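Number of protein chains: 2
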Amino acid sequence: MKTLTKTMKAVAISNYGESGVLKFTEVEKPKPTGREILVKVYATSVNPVDYKIRKGGIQRGVDFPQILGFDVSGVVEEIGHLVTDFKVGDEVFYLPRIIGWQGAYSEYHLAEESIVAKKPSNLSHTEAAAIPLVGCTSWDALIQRAQIKLGETVLIHAGAGGVGSFAIQLAKACGCYVFSTCSSKNLDFVKNLGADRVIDYKKEDFVKIIMNETNNLGVDVVFDTVGSDTLTNSIEAVRPSGRIASIVRVPANLEKAFFKNITIHPVFVQSGRQKLDEICKLIERGQIKPVIDSVIELKDIPKAHEKIENGGVRGKIVVKVA
Amino acid sequence: MKTLTKTMKAVAISNYGESGVLKFTEVEKPKPTGREILVKVYATSVNPVDYKIRKGGIQRGVDFPQILGFDVSGVVEEIGHLVTDFKVGDEVFYLPRIIGWQGAYSEYHLAEESIVAKKPSNLSHTEAAAIPLVGCTSWDALIQRAQIKLGETVLIHAGAGGVGSFAIQLAKACGCYVFSTCSSKNLDFVKNLGADRVIDYKKEDFVKIIMNETNNLGVDVVFDTVGSDTLTNSIEAVRPSGRIASIVRVPANLEKAFFKNITIHPVFVQSGRQKLDEICKLIERGQIKPVIDSVIELKDIPKAHEKIENGGVRGKIVVKVA
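Residue numbers (the numbering used here), protein chains in the order written: chain A, 387 to 708; chain B, 387 to 708.
Hint data in this document are derived by calculation from the structure and do not stem from the laboratory.
What you are looking at is a predicted structure, and each value in this text was computed from that prediction instead of being measured.
A hint or two may mislead.
Since the list can't tell identical chains apart, any single copy or any two copies may satisfy a pair.
To be verified - Each computed BS3-like pair below joins lysine-lysine, with the alpha-carbon atoms no more than 27 Å apart:
{"id": "1", "residue 1": "K571", "residue 2": "K675"}
{"id": "2", "residue 1": "K685", "residue 2": "K706"}
{"id": "3", "residue 1": "K535", "residue 2": "K646"}
{"id": "4", "residue 1": "K441", "residue 2": "K646"}
{"id": "5", "residue 1": "K667", "residue 2": "K473"}
{"id": "6", "residue 1": "K395", "residue 2": "K473"}
{"id": "7", "residue 1": "K642", "residue 2": "K441"}
Chain A on its own, in the form it takes in the complex (with noise of 0.2 Å):
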């Protein structure tokens, strides 16, 4: 007798393209085995990520139809039989693995429970699932990598984005300086972020901004988050001997950062359970708040998509599934 497959909904890409490739979907429902959790996701969202990944730009791991989705709150559903920490109907939030694995614009996500942890008691699934990703993303390079301490100067570009809008507040929580740059419309909302000095960067030039209010020495770290000239030029404000962490492509030409002896912290964002432990610490005490632009459906991420590769978005935009 033949067993009927579970399936469930889920947005997937069975090419590369524009955000019309992102398919409403019916796939098989995974079944967790050894160390494995299937998650009932409660909420994901949209990261840009996503849309690099859709185009093309990363394509290591990615195995058509490729679910996309990088971030998840919800509820465990199954656990496989060597699973120890967890058990069904515990709450939890995590970064599913970005390179190799299905994401979770979908109602249920596989994981190993390794990289799983307890979601924040004060959060919403709403809230949770603006989390993961841009919370180990600004951990990985600030804490792991720069290793920022108390004191020190920072410089958050892209501020009103969803890893600058939580790396402002995990830098603030370090006792850092926080400058950051964003467009005319944000910085207010930047400012609101905990950030000391707010840089509209098409109307004023940051280097010179930086080196006026540093007595001409520069920011002892940078976190870029936007690339190219902005990299480049971001040189140009560290201290001699400073750290720049980037997640994005490092520049052809770092003669400059050679000659002031500045590290560079290529940041490609790593699953794990450790930090979000420490990151829901610091959410439950207050510390730390997600930064929601909006909250949608999975039906409406090819357009979450566009918006956010328009640029604009304030924070994240959160994908509520159940």
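Knowing the structure of chain A, use the given hints to seat chain B on it.
Relative to chain A, chain B alone:
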């Protein structure tokens, strides 16, 4: 009445070019003021950076006629009125500032006391002059930037060279396991410096050997003194989240470093007393020894430049001045 200006012998360049631009000449003997010290140079040395400046590859702070030479071992001849840490007759060694100052292919050299250190008591001037530039470079790269630790694996390229031969000893003193590349004729030489695994870079593929011998993980740290393809290929031989320190131009394509979260440390060596004091201790305790290829005179400097450019120097070419 006219004062007779005192002069000293020196080797200087007045334009960029091949080794013929190095001219034996008489220049004004400097006079120390403030916190400056005038040192009678007993020995200096020839380093690759000398020919790079001579050819116009580094033009920052060059002021013709420019004296090259970035090692000094000598005796304090005269001090500025604010000098507190040295007196006339003290035996000292140091790395002259590379940018904006005169080098040490000369009978006397002027330096700020802050970069001058006491010479190791167990070394002659000829031996001590083999240390500052390669010692400070290795220190900046391995200790300050890459922060090598007990038990780590380190790949040191060009282990028979001036920097390589010091860096191998330093990494071994830290308790690291050292891979090192060199040419066939230097295999035994580099082994004798302390390298655990010597790789003939012309006959063997260092990436393959390292991956084979590190359980396909890669080394924790690469120290590159060669650049271009050697550096690009080194990314393959570093473990995820490893570090690369390079004293040469960083390659354009860091895409692979990005996905592996490899930190890049471009290192332009800085002068300074503190690290020389640390190095001095290690030398006096016998943990590090100078490695001298040959000892020459000021007039032989053009030939030494050619020898270094053609490759095949083992350790340092020291210039005995007095």
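Right, here's what the structure says about each hint:
Taking identical chains as interchangeable, the C-alpha atoms of K571 and K675 lie at most 27 Å apart only when both belong to the same chain, with a minimum of 21 Å there against 62 Å between chains. In this homomeric assembly, K685 and K706 come within 27 Å of each other (Cα to Cα) only inside a single copy, at 10 Å, whereas the closest approach across copies is 78 Å. In the homo-oligomer, the alpha carbons of K535 and K646 lie at most 27 Å apart both inside one protomer (20 Å) and across protomers (25 Å), since each shortest distance falls under that limit. Only between protomers do K441 and K646 lie at most 27 Å apart by alpha-carbon distance; the minimum there is 22 Å, versus 36 Å within a single protomer.
In the homo-oligomer, the alpha carbons of K667 and K473 lie at most 27 Å apart inside one protomer (21 Å), although the nearest pairing across protomers, at 57 Å, exceeds that limit. Taking the closest pair of Cα atoms, K395 and K473 come within 27 Å of each other only inside a single copy of the chain (24 Å); across copies the shortest separation is 82 Å, beyond that limit. Proximity of K642 and K441 under a CA criterion of 27 Å is satisfied inter-copy only: 19 Å between copies versus 32 Å inside one chain copy.
Checked against the numbered hints above, the structure violates none of them.
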